[in-house]
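Trainee: Chain by chain, the residues:
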Amino acid sequence: MTVATDSVSPRASGLSSRREEWRASIRMNHLLWVVCALGPVLALFSIIRVYPILETIRLSFYRYHPTQRTKPFIGFDNYIRLLEDDAFRTALINTLQFCVLAVVITLTLAFTIALLLRSIERASPIYEILLYIPVVTPWVPASVIWKWIFDPQHGILNYWLGFLGIPKLAWLQDEHIILYAIVLVSVWKMLGYFVVVYGVGLRNIPDDLMEAAELDGATPWQRLIYIVIPMMKPIILFTVIIATIIFFNVFAPVYVLTASAQGAPAYDFKVVIGEIYQNAFVFYRMGYAGAQSVVLLLFVLTLVFVQFFFLRDKRGV
Amino acid sequence: MIRRLLAIAVCLLALSSVASADEKTKGKLSIWLGYPETLDAFKMGQAEFKKQYPNVDVEILTFELREFEAKLAVSVPAGSGPDILALHDFIFPRYYEAGALDDVPADLAKAINDKAIIDTPFKDIVTREGKPWGVPWWSGRNGLFYNIDHLREAGFNEPPKTYEDVWKYAEKLTQKGPDGQLTRAGISLRLTGPSGGTQKFVYFYYQLTGEQMLEPGSKPGTVRVTIAKNIDAAARALLDHIDHLHGAKKSDDWALKHDAQGFASGAASMFMRESWVIPYVKKNGPNIKFGVVPVPRDKAWGAFNAVEVLSVSKDSKLKQAAWDFIRILQAQPILDNVLASSGWVPLRRDRDYSAILKDEPRFAEMTTPPAGLTLYIEAPNTSYEEMTTRMGEIIQAAFRDASLVGNMDGAKKVMMRVNDTAVKILKDNGIYSD
Numbered sequence: 001m002t003v004a005t006d007s008v009s010p011r012a013s014g015l016s017s018r019r020e021e022w023r024a025s026i027r028m029n030h031l032l033w034v035v036c037a038l039g040p041v042l043a044l045f046s047i048i049r050v051y052p053i054l055e056t057i058r059l060s061f062y063r064y065h066p067t068q069r070t071k072p073f074i075g076f077d078n079y080i081r082l083l084e085d086d087a088f089r090t091a092l093i094n095t096l097q098f099c100v101l102a103v104v105i106t107l108t109l110a111f112t113i114a115l116l117l118r119s120i121e122r123a124s125p126i127y128e129i130l131l132y133i134p135v136v137t138p139w140v141p142a143s144v145i146w147k148w149i150f151d152p153q154h155g156i157l158n159y160w161l162g163f164l165g166i167p168k169l170a171w172l173q174d175e176h177i178i179l180y181a182i183v184l185v186s187v188w189k190m191l192g193y194f195v196v197v198y199g200v201g202l203r204n205i206p207d208d209l210m211e212a213a214e215l216d217g218a219t220p221w222q223r224l225i226y227i228v229i230p231m232m233k234p235i236i237l238f239t240v241i242i243a244t245i246i247f248f249n250v251f252a253p254v255y256v257l258t259a260s261a262q263g264a265p266a267y268d269f270k271v272v273i274g275e276i277y278q279n280a281f282v283f284y285r286m287g288y289a290g291a292q293s294v295v296l297l298l299f300v301l302t303l304v305f306v307q308f309f310f311l312r313d314k315r316g317v
Numbered sequence: 318m319i320r321r322l323l324a325i326a327v328c329l330l331a332l333s334s335v336a337s338a339d340e341k342t343k344g345k346l347s348i349w350l351g352y353p354e355t356l357d358a359f360k361m362g363q364a365e366f367k368k369q370y371p372n373v374d375v376e377i378l379t380f381e382l383r384e385f386e387a388k389l390a391v392s393v394p395a396g397s398g399p400d401i402l403a404l405h406d407f408i409f410p411r412y413y414e415a416g417a418l419d420d421v422p423a424d425l426a427k428a429i430n431d432k433a434i435i436d437t438p439f440k441d442i443v444t445r446e447g448k449p450w451g452v453p454w455w456s457g458r459n460g461l462f463y464n465i466d467h468l469r470e471a472g473f474n475e476p477p478k479t480y481e482d483v484w485k486y487a488e489k490l491t492q493k494g495p496d497g498q499l500t501r502a503g504i505s506l507r508l509t510g511p512s513g514g515t516q517k518f519v520y521f522y523y524q525l526t527g528e529q530m531l532e533p534g535s536k537p538g539t540v541r542v543t544i545a546k547n548i549d550a551a552a553r554a555l556l557d558h559i560d561h562l563h564g565a566k567k568s569d570d571w572a573l574k575h576d577a578q579g580f581a582s583g584a585a586s587m588f589m590r591e592s593w594v595i596p597y598v599k600k601n602g603p604n605i606k607f608g609v610v611p612v613p614r615d616k617a618w619g620a621f622n623a624v625e626v627l628s629v630s631k632d633s634k635l636k637q638a639a640w641d642f643i644r645i646l647q648a649q650p651i652l653d654n655v656l657a658s659s660g661w662v663p664l665r666r667d668r669d670y671s672a673i674l675k676d677e678p679r680f681a682e683m684t685t686p687p688a689g690l691t692l693y694i695e696a697p698n699t700s701y702e703e704m705t706t707r708m709g710e711i712i713q714a715a716f717r718d719a720s721l722v723g724n725m726d727g728a729k730k731v732m733m734r735v736n737d738t739a740v741k742i743l744k745d746n747g748i749y750s751d
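Keeping their order, the protein sequence lines are chains A and B.
Taking this note's numbering, the leading residue of the first sequence gets 1, the next gets one more, and so forth.
Taking this note's numbering, the leading residue of the second sequence gets 318, the next gets one more, and so forth.
These are calculated hints, taken from the structure and not from any lab test.
Hints are supplied without guarantee of correctness; some may be wrong.
Covered stretches of chain A, going by a simulated chain B footprint (3 or more residues, C-beta under 8 Å) [to be verified]:
#: 1; segment: 172–184
#: 2; segment: 265–272
#: 3; segment: 277–289
Result set (SDA-like, lysine to any residue): computed pairs, CA atoms no more than 25 Å apart in a straight line [to be verified]:
#: 4; chain 1: B; residue 1: K388; chain 2: A; residue 2: T56
#: 5; chain 1: B; residue 1: K744; chain 2: A; residue 2: T70
#: 6; chain 1: B; residue 1: K478; chain 2: B; residue 2: K744
#: 7; chain 1: B; residue 1: K744; chain 2: A; residue 2: A252
#: 8; chain 1: B; residue 1: K567; chain 2: B; residue 2: A623
#: 9; chain 1: B; residue 1: K631; chain 2: A; residue 2: P66
#: 10; chain 1: B; residue 1: K744; chain 2: A; residue 2: R63
The structure displayed is predicted, hence computed values, not measured ones.
Each residue gets a CB set at the ideal place from its N, CA and C atoms; glycine is no exception.
Generate coordinates for the entire structure from the input sequences, incorporating the hints supplied.
Mentor: Next comes the structure, spelled out in structure tokens:
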């Protein structure tokens with residue numbers, strides 16, 4: 001008995017091997033193509049993103065002052081010092097308070113506005129554009145404008161509030177009010193972005209589903225709770241994470257609003273990024289600022305993981 | 318053969334010396350400034366410099382002060398900083414300690430060491446172990462600015478003369494609206510910006526103690542903290558601030574316009590600041606009639622001085638040209654311009670500022686300190702900004718604490734915290750002195 005392979009002609013065998021070679025060449029070329037396409041992006045990503053993070057982690061173990069000759073390795077000393085640093089603790093608490101308020105208010109308002117805009121489908125793009133204008137306005141000029149609005153003596157906000165009988169408030173000078181002033185600016189700035197994101201999500205909910213629920217006698221509230229919110233869960237997860245990252249990294253509005261321009265003093269409201277900036281570029285404690293950055297990174301990562309755990313759609317896993 | 322080789326070597330040597338001479342007179346001289354108000358003076362210098370160095374381009378860049386400091390900190394160690402460094406006295410030690418500055422030429426060093434040309438405190442600030450590292454150029458000298466009309470309205474014919482007077486005047490000069498809120502500060506205090514706030518708090522502390530909170534230590538570059546030693550006076554200075562920010566004696570409020578802006582707009586009757594305020598108020602508050610006197614005395618009588626120092630980077634390729642530029646900046650017309658346009662006080666004593674003083678006699682308070690007035694300067698050290706920021710944060714938080722009104726023990730505790738914070742930072746940086 002002869003084996004089947006014996007019956008294959010030399011011509012067929014040659015064809016098969018050529019086909020294999022061709023496949024191998026495609027595979028090789030494909031790999032080459034992938035490397036060529038992704039390589040520069042990955043290289044750029046490594047240089048711009050990965051390397052600075054690794055370098056920051058390395059620096060956090062050194063006493064690194066750019067103008068000093070020696071930069072000794074000090075192990076975990078920078079991290080130990082962080083535990084005793086009142087300014088960093090205050091900044092962390094302030095940032096957390098700010099982040100919670102800003103995320104909750106921004107997302108609740110954005111979701112409500114997006115829902116309302118869904119009911120005026122034709123006009124909604126106009127409102128979305130209007131709401132999006134602050135998003136494309138850079139933080140610094142926006143904050144400078146708000147600084148004028150908040151001026152306790154001549155600001156338009158106190159002027160308007162005066163009509164309601166509310167006495168003049170020192171928005172940026174009063175240590176108890178400044179948090180809300182910064183939240184107000186941040187919500188105004190980022191609201192439009194989340195309205196657009198929610199708007200896209202709401203438009204993707206099938207009309208049939210809503211109509212069927214309406215026919216079955218579901219009230220608008222029931223439709224919101226049992227259809228809209230469950231279907232929007234992935235979008236809500238995305239927005240909560242993005243908003244948390246954006247607001248936890250707050251710096252520019254705080255810096256501009258509280259910058260101690262000599263004529264317009266403001267309360268020294270500390271936030272984590274502000275502390276990192278101050279240690280790195282005012283005190284030149286680069287190593288210590290590195291340790292603060294690492295702690296911030298771990299903090300935000302933990303928050304994101306917690307949010308993923310609670311908000312992800314478990315049925316989809 | 319040997320002759321031929323020698324001839325080639327001589328030719329190469331001649332060529333290289335021509336090239337190196339060319340390098341010294343050709344290229345771009347870079348100058349960065351953190352005080353843009355002196356730009357005009359530098360431009361005057363640039364015009365003169367061009368006559369000496371027609372092939373050297375001069376690039377003068379101005380930055381916001383903090384941005385300027387950050388740029389220097391990063392670029393100078395990397396060898397990419399400017400050729401001429403215009404450094405404030407408190408950041409100056411970072412650079413000479415790091416070996417980033419060129420040796421001061423003999424003629425300029427001689428001038429710095431001559432009392433008839435540069436006052437001793439200003440020589441000391443640039444000198445480490447007998448060797449100067451830069452040329453002290455101008456000083457920001459403080460004084461008490463007062464609104465003449467406000468004082469007259471309140472029945473005062475002359476400015477306050479003592480520390481006690483300052484607070485009494487402030488109470489009387491303060492104005493309130495029908496709602497009880499302050500509409501005018503009797504004295505505009507420095508309530509925010511912790512680093513500058515520490516400096517301004519010392520204006521009061523010094524008169525009570527005859528010392529700054531941070532004084533030079535026993536070894537060069539080290540610092541000693543004087544608060545614990547002067548705790549009663551320190552607490553008194555703090556309490557005087559707190560008592561005039563809350564309650565019946567309230568003479569200032571966070572919601573008012575402050576500092577030079579507040580003074581120029583008539584929202585403050587008095588405040589303490591440096592000489593640059595004179596041209597500032599003339600420009601921004603042309604209707605404000607004001608005078609300036611040295612900070613009123615108590616136990617001591619001193620005037621604070623912040624000094625601007627001109628140095629050349631060790632990495633500069635145009636060292637000779639850079640020093641020549643600094644020499645040009647010592648000329649009378651340029652120093653006149655510094656005084657008249659920026660209000661900073663030039664430190665050359667061998668120059669005659671009478672032409673400027675004729676136009677603006679108030680500068681005389683700054684250029685010609687009265688007999689008995691001590692000129693003091695911050696202790697040069699590498700941790701100035703961190704220390705003054707952290708100390709000021711504690712002081713300014715206490716300003717807001719109304720429970721401390723009239724509470725001497727509470728004030729002492731706060732000032733001891735300020736003391737301990739400074740000591741901790743100094744020890745951490747290895748520059749603490751008993």
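Trainee: Now, for every hint given, state plainly whether the structure supports it.
Mentor: Hints and how they fare:
1. 172–184: holds (count 3)
2. 265–272: With 4 residues in contact (Cβ-Cβ under 8 Å with chain B), the coverage given for the segment 265–272 of chain A holds.
3. 277–289: holds (count 6)
4. B:K388 - A:T56: holds (19 Å)
5. B:K744 - A:T70: Judged against 25 Å, a Cα distance of about 17 Å means the pair holds.
6. B:K478 - B:K744: With Cα atoms ~39 Å apart, K478 of chain B and K744 of chain B exceed 25 Å; violated.
7. B:K744 - A:A252: violated (33 Å)
8. B:K567 - B:A623: Since the Cα atoms of K567 of chain B and A623 of chain B sit roughly 30 Å apart, the hinted pair is violated (cutoff 25 Å).
9. B:K631 - A:P66: holds (16 Å)
10. B:K744 - A:R63: holds (14 Å)
The structure shown violates the earlier hints numbered 6, 7 and 8.
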